[in-house]
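Fit chain X to the known structure of chain L by using the hints.
Protein sequences, first through last, are from chains L and X. Just so we're aligned, residue 1 is where the first sequence starts under our numbering, counting upward by one. Just so we're aligned, residue 1 is where the second sequence starts under our numbering, counting upward by one.
Derived from the structure by calculation, the hints contain no laboratory data. The reader is advised that the hints may include incorrect statements.
Unchecked claim - Derived contacts from chain L toward chain X, CB cut-off under 10 Å, selection only: (1) Glu69; (2) Asn89; (3) Tyr107; (4) Glu112.
None of the values given here were measured: they were computed from a predicted structure. Glycine included, C-beta positions come from ideal geometry on N, C-alpha and C.
Listed here are the chains, written in short residue letters.
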Amino acid sequence: MESRQILSQKEIDKFPSHRFQYERTDLTLLLTTKLSVNNTIGGGYMIRLEDNTYYHRIIQQFNNVRKFEWFSVAHRVLADETFTNHGLNNFRISYRIGIQKPLNGQYIDPKEFYAKVNNDFLGTWSRGESDFEIGILPALGYTATANNKIELGVDYRVNELKKNGIAQQFWVTLGWFISI
Amino acid sequence: MISLNLWIAKFKTVIANKHFLYPFFFLLVALHCTPCLGQKKYEREYTVKADSVPDSAALFVSRLFNNSKAHWYMEESDTTKSIEAKLKHSGKHYSIEFDESGQIQDIEILINIRDLEKNTRSKIKDNLNATFKRQKIIKTQLQWVGSENSLERAVLANMPLEGIIVKYEIVVRGQTENVEAYFEVLFDSTGRIESTMEIALANDDNLIY
Chain L
1 MESRQILSQK EIDKFPSHRF QYERTDLTLL LTTKLSVNNT IGGGYMIRLE DNTYYHRIIQ
61 QFNNVRKFEW FSVAHRVLAD ETFTNHGLNN FRISYRIGIQ KPLNGQYIDP KEFYAKVNND
121 FLGTWSRGES DFEIGILPAL GYTATANNKI ELGVDYRVNE LKKNGIAQQF WVTLGWFISI
Chain X
1 MISLNLWIAK FKTVIANKHF LYPFFFLLVA LHCTPCLGQK KYEREYTVKA DSVPDSAALF
61 VSRLFNNSKA HWYMEESDTT KSIEAKLKHS GKHYSIEFDE SGQIQDIEIL INIRDLEKNT
121 RSKIKDNLNA TFKRQKIIKT QLQWVGSENS LERAVLANMP LEGIIVKYEI VVRGQTENVE
181 AYFEVLFDST GRIESTMEIA LANDDNLIY
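Just chain L, same shape as in the assembly:
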């Protein structure tokens, strides 16, 4: 589940707005299965409420996670298709590389902190238009128990690279991962 609130925004040739604003809420159900010890594939469904419109997204993804002596590296290739009541809204393909390192010792054990950095590249095709987005997401994580992780980080993104002025987004992220 993901929810976004806007604290501040500015558009070109307009004054900045620092008004709190609800943006959206996503509910995602993603099921994955192991192909091998390092590789998983998954698929899922997401529903999003944004601007009083429901968006439905079908997700397919492949992951490769490798543990090295001092850190882990994850690659994720993801494709998704988003629909509204009016049909296909957009199609996206993304690649993400993530590196995670324990801040104490070689393994991330319960009650220990870790650092994580994700870098993703996202292509979007929507009604004849395309866009490319790059994001970098550093985060500080804490493993509360073997199945509970909390992460606090930032998510910086640039897109609309083909236009004159690129769009920048800066999000503060708070994540809670529960494994069941």
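For chain X alone, kept in the frame of chain L given last:
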């Protein structure tokens, strides 16, 4: 094309009625209620400062590897605690394991499998092939077990001398009948398997979602 249009029409009806939310929420609740069917062995490893390890362990390391910076770790399992010093010395990676009181247990040296003598390497590979349907060697360590004096002499001589038992600790990614996993396989000096233990991997779900 007709079936596709029918499917889209049904999809739109479901969306309009918002009934699609019910199975979604049901699945969400059901997944949170799934009982835990298995337990993992609890192990924890963490950094400790050099001044908090037993004097005998710190002295052994500083005496033999005086120009190398050692990183110290405490390893706790359900039943045991051990202390490990990891360091690089003369181009080799050493792991020196002590018990909780500072008594040395073994010294491990990271090597390449190709560094082993040909007969031993062949026996190790044959035994791995007999144990796993498919396997790949990830890491090989030479393990020296012996008294403190014997280990000290072996480190200084850079070779196992009298009083040292040589073993090989190999991490493999292997496939058994049921599962592919990482295993730690311990071989004796002749290449015979002494023990095989599956390595419990940490949960990395936060890296893929």
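Item to complete: Return the numbers of the hints above that this structure violates; sort them in rising order.
Response: When the structure is compared with the hints, only number 2 turns out to be violated.
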